[in-house]
Amino acid sequence: DVKVTQSSRYLVKRTGEKVFLECVQDMDHENMFWYRQDPGLGLRLIYFSYDVKMKEKGDIPEGYSVSREKKERFSLILESASTNQTSMYLCASIGGSYEKLFFGSGTQLSVL
Amino acid sequence: GQQVMQIPQYQHVQEGEDFTTYCNSSTTLSNIQWYKQRPGGHPVFLIQLVKSGEVKKQKRLTFQFGEAKKNSSLHITATQTTDVGTYFCAGINHKDDKIIFGKGTRLHILP
Chain A
1 DVKVTQSSRY LVKRTGEKVF LECVQDMDHE NMFWYRQDPG LGLRLIYFSY
51 DVKMKEKGDI PEGYSVSREK KERFSLILES ASTNQTSMYL CASIGGSYEK
101 LFFGSGTQLS VL
Chain B
113 GQQVMQIPQY QHVQEGEDFT TYCNSSTTLS NIQWYKQRPG GHPVFLIQLV
163 KSGEVKKQKR LTFQFGEAKK NSSLHITATQ TTDVGTYFCA GINHKDDKII
213 FGKGTRLHIL P
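In the order they appear, the protein sequences are chains A and B.
This note's numbering numbers the first residue of the first sequence as 1 and each following residue consecutively.
This note's numbering numbers the first residue of the second sequence as 113 and each following residue consecutively.
Calculated from the structure, these hints are not laboratory results.
Check before you lean on any hint, since a few could be wrong.
Heads up, simulated EDC-like pairs for lysine to aspartate or glutamate below, C-alpha to C-alpha not over 16 Å straight-line [what the hints assert, rightly or not]: (1) B:LYS163 - A:GLU99; (2) A:LYS100 - B:ASP209; (3) B:LYS210 - A:ASP38; (4) A:LYS3 - A:ASP38; (5) A:LYS55 - B:ASP208; (6) A:LYS57 - B:ASP208; (7) B:LYS210 - A:ASP26; (8) B:LYS148 - B:ASP195.
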């Protein structure tokens with residue numbers, strides 16, 4: 001069964017901490033995405049990557065960075081967490097033919 | 113930048129009634145996809161539409177892609193309690209490979 005795995009389901013961090021959200025897919029997909037989901041705002045694209053070491057900004061990249069050192073792993077980094085980054089973070093991957101997105105189960109991040 | 117507007121934001125229907133959600137893109141799309149997210153879950157792929165004017169059906173669900181490839185709709189006939197959740201459309205533009213989601217329509221079924 002195909003899988004996108006996010007390292008944590010729930011995470012609590014303090015303001016100013018550096019936060020790493022990890023995502024791993026086992027489908028050999030080229031493209032990976034990070035979204036954040038907030039009530040009433042839907043899914044907003046933070047960053048995406050279409051190849052190893054490649055990254056592109058989405059619609060809300062401010063305050064975030066990403067890393068894609070290996071094809072199967074796409075990490076989202078909050079350099080200095082702030083309370084307005086409290087959200088559900090969803091990782092997704094899709095093959096080169098863009099047939100369908102597979103989502104991870106999400107990480108609910110709370111920044112106190 | 114590219115935007116995908118989705119309405120309504122919420123919909124309450126009696127069980128057995130029909131339901132429709134609409135998406136409209138600010139730009140012409142390459143494809144459009146639809147996803148369903150159950151409460152507490154993550155979005156799960158339902159279908160992809162590629163061709164102008166395309167109509168696809170999955171049991172009680174009917175999906176349409178507009179002639180100009182800028183709008184789409186999902187219609188559910190005779191809703192059931194299992195249809196509860198949030199339905200998202202996602203527009204894909206192969207010029208920049210972004211997948212942009214609408215804000216979703218949360219469907220609530222009244223028994």
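Results for each hint:
1. Taken as a hint, the LYS163 (chain B) and GLU99 (chain A) pair is honoured in the structure, with Cα atoms around 14 Å apart against an allowance of 16 Å.
2. Using a Cα cut-off of 16 Å, the hinted pair LYS100 (chain A) and ASP209 (chain B) holds, with the two alpha carbons roughly 13 Å apart.
3. At roughly 19 Å between alpha-carbon atoms, LYS210 (chain B) and ASP38 (chain A) are farther apart than 16 Å, so this suggested pair is violated.
4. About 24 Å separates the Cα atoms of LYS3 (chain A) and ASP38 (chain A), which puts this hinted pair outside 16 Å; it is violated.
5. For a cut-off of 16 Å, the pair hint linking LYS55 (chain A) to ASP208 (chain B) stands: about 12 Å separates their Cα positions.
6. Note on LYS57 (chain A) and ASP208 (chain B): the hinted pairing holds, with a Cα-Cα distance of about 11 Å set against a maximum of 16 Å.
7. The hinted pair formed by LYS210 (chain B) and ASP26 (chain A) fails the criterion: a straight-line CA distance of about 21 Å is larger than 16 Å.
8. At roughly 9 Å between alpha-carbon atoms, LYS148 (chain B) and ASP195 (chain B) fall within 16 Å of each other, so this suggested pair holds.
Consistency with the previously given hints fails for numbers 3, 4, 7, ordered from lowest to highest.
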